[in-house]
Structures are given as C-alpha cells and as structure tokens.
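A.B. asks: Single-letter residue listing:
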Amino acid sequence: MSNGHTSTQIHSHSRETHRMPPYFLYLVIGISIAPFLLSQVGMNFGSTPVKFDLIDASQWPAHQQLDAFFYRLSGAFTHTLLEWTAFCAAIFTVCLALNHYVMSKDYTTPVIGAALFLAGCMDGFHTLAADRLIEAAADNRNLIPFTWAICRIFNALILIGGVSLLLLRAPDQNNKANIRSLLVAFVFAAVVAYSIIHYCAVSDSLPQTQYPNSLITRPYDVIPLILFTFAGLVLFPYFYKRRPSVFAHALIIAMIPEAVVELHMAFGSSALFDHHFNIAHFLKIFAYVVPFCGLLVDYIHTYRAKEQEANDREIAEVALKRYTLELKRSNDELDKFAHIASHDLKAPLRGIDHLATWIEEDKRDPEALNEHIPKMHQRIRRMEKLLDDLLHYSSVGKKPLSSTSINIHDLGQQVFELCTPPPGFTLEIKGSIDNFETALAPFETALRNLIGNAIKHHDTHQGTITLHVKDSDNYIEIIVEDDGPGIAKEYHEKVFEVFQTLKPRDIVEGSGIGLALVKKIVNSQGGTIRVDSSIGNGTKMIISWLKNSSQPVESL
Amino acid sequence: MTTARKEATLLIVEDDDIDAMAIERSFKKLKLDNNLVRAKDGIEALEIMRGENGKTKLEKPYLILLDLNMPRMNGLEFLAALREDPELSDTVVIVLTTSAADQDQTKAYDQHVAGYIVKTEIKDSFLEVIELVDCYWKIVTLPA
Chain A
1 MSNGHTSTQI
11 HSHSRETHRM
21 PPYFLYLVIG
31 ISIAPFLLSQ
41 VGMNFGSTPV
51 KFDLIDASQW
61 PAHQQLDAFF
71 YRLSGAFTHT
81 LLEWTAFCAA
91 IFTVCLALNH
101 YVMSKDYTTP
111 VIGAALFLAG
121 CMDGFHTLAA
131 DRLIEAAADN
141 RNLIPFTWAI
151 CRIFNALILI
161 GGVSLLLLRA
171 PDQNNKANIR
181 SLLVAFVFAA
191 VVAYSIIHYC
201 AVSDSLPQTQ
211 YPNSLITRPY
221 DVIPLILFTF
231 AGLVLFPYFY
241 KRRPSVFAHA
251 LIIAMIPEAV
261 VELHMAFGSS
271 ALFDHHFNIA
281 HFLKIFAYVV
291 PFCGLLVDYI
301 HTYRAKEQEA
311 NDREIAEVAL
321 KRYTLELKRS
331 NDELDKFAHI
341 ASHDLKAPLR
351 GIDHLATWIE
361 EDKRDPEALN
371 EHIPKMHQRI
381 RRMEKLLDDL
391 LHYSSVGKKP
401 LSSTSINIHD
411 LGQQVFELCT
421 PPPGFTLEIK
431 GSIDNFETAL
441 APFETALRNL
451 IGNAIKHHDT
461 HQGTITLHVK
471 DSDNYIEIIV
481 EDDGPGIAKE
491 YHEKVFEVFQ
501 TLKPRDIVEG
511 SGIGLALVKK
521 IVNSQGGTIR
531 VDSSIGNGTK
541 MIISWLKNSS
551 QPVESL
Chain B
1001 MTTARKEATL
1011 LIVEDDDIDA
1021 MAIERSFKKL
1031 KLDNNLVRAK
1041 DGIEALEIMR
1051 GENGKTKLEK
1061 PYLILLDLNM
1071 PRMNGLEFLA
1081 ALREDPELSD
1091 TVVIVLTTSA
1101 ADQDQTKAYD
1111 QHVAGYIVKT
1121 EIKDSFLEVI
1131 ELVDCYWKIV
1141 TLPA
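Protein sequences appear in the order of chains A and B.
Sequential numbering of the first sequence, starting at 1, is according to the numbering used here.
Sequential numbering of the second sequence, starting at 1001, is according to the numbering used here.
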C-alpha cells in the first residue's frame, strides 16, 4: 500500500515538472480569444489603405507620390511586419531548440525545431513573394491567400510528421545514426518545401482561394484547421504522454492559437488585409512564440536540474570528505585507545600474576607474604579504578543532560570539601559571576578532577588552590590554579592523553584518565581547556565553558 | 668474554615495581651477581647513563631492558633520544613490554633494538628473559 502511494506521488511530482505553468495556458487562451472579443465590441483590426488617383498623382512631386504609395500599401506593410515577426520567432525557436539539444540531448527539440524552421522558411517565402521581392507569376489576389494556405498546411503537416517520426522511431543508442536519419528527413522535407515554393512562384494560374460570400470564406484553410485540431487534441497529447517534457506540453498549447488562426481565416477573412486577415497573422506569431516559451521554460528547468545536481554532488562530496576525515580520525583514536587500554589494563593483571607466583614460592616466609598480599590488593584496586574510569570516560557526551542553575562559589567550595584536602590546604575563589545554566554532572566532574589533581599532585603539605572565575560573552572562564610543583612545558599536551601519568603509578596512584576525562567533557559541551604551567610556578588549568549548554555537541 | 660478563650491568627501565621486582627475583634465582640498576622512566634512565641530576654515571658495558609504556618519557621516546646521543647511540637495548602491537615492534626495531620481547608471552616471572640476557652477554661483546 505504502509503496503504491509513494510511486503515485513521485509520478505526479514528475508530471508537475514537465508542464508549462498553468497561468501560461490561461494567458495563451486569453490572447487567442482577445481579438475575437474585441471585434465583438466593435474594434476593427483591418488595414484601411488610403487610395489615390494615379492620374492626379502624375502631377505630384516625387516625394508626395512615394508617400501616397506607402499609404496605399499600409495593408501590405502590416502583413509583411506580422509575417516577418512570425518568421523571426520561428528562427529564434530553432536556435534555442538546437541549443537545448546540445544541453539536454533530447531529440524532440531538434526535430520540432527543424519542422518549425522549414515552416518559417515557407512563411518567409510567402512574405517575400507577396512583397514582390521574389519574382512570382501569379497576381497577389491569388498568390497571398494560396501560398498562405499552402504554408499553413505545410506547417501543420511537418509538425505532425516530426512528432510522428519521434513516436515511430525510438531514438537509437547510436548518436550518429540518429543524426543521420534526422538529416535525411530534414533534407526530404526541405526538398518538398522548395518544390512547393517553386510551383507557387512559376505558376501563373493559381486556384481561387477566397469566396467572400460563403460561410467558409477561405476553404483551403479548413485543411490546416482540421490538422491543427487533430494535432492539438489527439497526436500531441499522446506524444506528451509517451515522452513528457515542457516543450511537448507547450506544443499542445501552441495548437490553440494555431486553430484560432485558421478559424479567423477560414470563416472570417474575405479580402486581403482585412480584419480577420490581420488577426490571423498576429496570432500566427503567437503560435511560434508559444513553443519558444516552452523551450525557454524547459531550458530553465534543465539548467536548474543540472545546477541542483552539481550542487548536491558538491555538498555530498564535501560531506563525504568530512566524514572520511572524521572516520579516519575516529579510527586512529580508537586504535590508539585500544592499544593504550590493552597495555595499561594488562599491567596490573600481570602484577597480580607475578604476586600469585611469589606467594606460592614464598609460602613459608610470612614476612614476604605480608609484603606480597597488600601489593596484590593494591593491583586489584588499581585495575578496578582503571575499568571504572574507562567506562566513565567512554560515556562522556553520550546522553543529553538537563541544565541547572549553578552558583560557582557554592559549588567550588562543595567540590573542594568533597576532595577531602589535607588540613594545610585552602580554597580561594576570585572574581564573581552570576549564576549560570549548565548541566551540573559534567561540570562538577571536571571541577572535581581539576581540584583533586591540584591537591593530589601537590609536593608539600600546604597549598592554596585558587579558583578564578570570569564571565566573557557566551563563555565562562574558569581557572583552577595551584601552587604545586608545576608541569614542564613538554608534558602540556601529554597530560590530556588517556592513561598518561607523569609519575609511576606505584608512586602516585592514578588511572591517568582524569585530565583526559576533563578534556573530553569540556570539548563535548563545546568548550576548550589548556594548561599554563612551568616547573616551580604552580599550574593553571584554564577552561572556557560554554554557557547554556545542556546538549552534548555532536562529536564530529 | 667472561670478564665482560662479570663487568656488565643490567639497566632496567621499568615503571612498574612488581615487574622490576620480578626481574630482580629471576636474577637471584639464577644466582647472577651482575650489577642491577633500575630507572622508573626514560628520563631517569638517561640521567643515570649520562650521570646527570645528581646521579652517578653508569659505566659501560651495560645492557638495557626497556619497557615501552612509562610516564614522562616512554620507551620509544627514550630510544629516539638514545640514538641521537653520540655517546650513547651504540647502547644494546632489549625491549620488554606488554605491547604486542605491530607498530610498536616496528618502531622499536627501527631504532635498532637487539630484541623485542612481549611480557605475556613469557612464563615463570621473566626467568627465560634473564637466562637470555645471561647467555647474551656471555657470548656477545658489548660496546665499551
């Protein structure tokens, strides 16, 4: 059940990304029916050429004649501008389609692009012939509507042909084979296009295309109307389903203005450059612009996806690098730890083994036995302490702790007394800070270890331990200072390592975990610890303790 | 050769009292009358060998039994210091440690130790080790 659910979600998501935005569809519909609506309220988009009498004009100066000709030709100019804009839109679409293909390797775009290119070229010819920039045999009354209809039919057919080609011929694995078959189809279509153009240009008796008094004023335009409707309702939606892309979706939408163009032509336009004629030409531009917009959106999508992909990869790589480093560090630490632990845990065991042997050997010597047995107890206690401290050490930072308000003066005094200092030892607290929130247990452990160390490692029977406290922004600085023997600089790093002692355990009993534990506690809550000491000058243990930290910092 | 054996001192560098005692007991068991000197870490051993810090300088020939894990200066650090000191660099050292780790062994041999013995692999309270030491200086001429 849950599987099915997920898959539909994914599917709907992918459909979402392969669509033009909804408002784009509304915009296209709006623009397509706007001229019709505006004409209903009486607007006329037809060109009204200013006629003049040629005989009168022969008396005019040359520039006035020229102006008159321009005014006379306003319909032709409007037609040219509209057609040429459509032609340019077609060419831009082709350029973008090729660009898109280079990036996405999606064969839909160059095929449709090539189809639009040929359709655009036909339109270009139609315009040039209408403007008599290309020599044509037939007169414009027939040439313009007939070549228009031929261009439209060709436009519809080549789009349908291109899409059918994509549907029939699944893209080959072989890139070269694809391009070759594409080129063959293109050349074939180009030859057909040129043949039509040639026929239109040389033929002096083109068939009649306009029937101003019928319901269907331009019957030839019914053919592209049917073709575009078929493409928009059946073929292109089927193609979109098979090969969803934003461009394919835009192609369906583009059939709306295409069909409206033909409606205006087939049922409206009764003369050259009239109301419906101009609307149809205007909307034809739009029919080219819609796929262009589709390509733009697709382009943006593809670009974003690639960018996102690159971004994700980069993030993943950085994370991977970090994790690798972290893993290596943690492995090294574990290695070192296991190595040290096994070594240091073995030592008391070996001692016990020796002592057991000696007890056996010296069983008739009570004096020797009195020496061996306390030593054996001492080793067992040492072993126990090592194991306890080790457990304590490994559990630092594992569970979140709740914060309590801490009064450093009270706590310092309390901890000092807990360490049972010999009579000659005193605690001084310097500086004053407000109560602060932090997890009590780790803070107390750290403080106890530091004060305990200061007492334990003191070389005389008297000593003063000074607790300096200072508030600095997010941190509380705590210094545990003693007037003991001090630690030489070369051991400042070593003292914080697990099991490191500066004196043999037989002289000063200790697991060597204390300072390692303090360091781990302080680091795990986001603070730092360092030592400032030299022989004969006492020792300062300086802690920066992060305020308001109850959660252990993820040890990454 | 016998003179060398009689003269030779065994310097034990070992922080653990019991292990040091075990060596001494083995010595007694084998009735060896060689001089035994003990240092509790690398620093003390260097002081003894150089006669620094109020200690009497240990005269050659001697052989060192070296533990690796010690406070202040561990065995490997001691070896490094030893090999850098032109006067002491020729010292014969046998490592006697609880560490069976390959890396320790490699590092020790990199410093040209004469042998690497893992404590847990020997029974009878170092008797075998001391027998080895005895054989060693019976046959080998130590640097003087």
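Simulated from the structure, these hints should not be mistaken for lab results.
Just so it is clear, CB atoms sit at the ideal spot from N, CA and C, and this is done for glycine as well.
Some hints could be false.
[As the list claims (entries may be wrong)] Calculated lysine-lysine pairs in the DSBU-like style (CA-CA distance at most 35 Å, straight line): (1) B:K1060 / B:K1138; (2) A:K470 / A:K489; (3) B:K1107 / A:K503; (4) B:K1138 / A:K489; (5) A:K346 / B:K1031; (6) A:K321 / A:K241.
[Claimed, not checked] Part of the chain A face toward chain B, derived, beta carbon under 8 Å: (7) D344; (8) K346; (9) A347; (10) G351; (11) H354; (12) K375; (13) H377; (14) R381; (15) L502; (16) P504; (17) D506.
A.B. asks: Look at each hint and say if it fits the structure.
C.D. replies: Comparing the hints with the structure gives:
| no. | hint | in the structure |
| --- | --- | --- |
| 1 | B:K1060 / B:K1138 | holds, 15 Å |
| 2 | A:K470 / A:K489 | holds, 25 Å |
| 3 | B:K1107 / A:K503 | holds, 24 Å |
| 4 | B:K1138 / A:K489 | violated, 43 Å |
| 5 | A:K346 / B:K1031 | holds, 29 Å |
| 6 | A:K321 / A:K241 | violated, 42 Å |
| 7 | D344 | holds, 7 Å |
| 8 | K346 | holds, 4 Å |
| 9 | A347 | holds, 6 Å |
| 10 | G351 | holds, 4 Å |
| 11 | H354 | holds, 5 Å |
| 12 | K375 | holds, 7 Å |
| 13 | H377 | violated, 13 Å |
| 14 | R381 | violated, 14 Å |
| 15 | L502 | holds, 5 Å |
| 16 | P504 | holds, 4 Å |
| 17 | D506 | holds, 4 Å |
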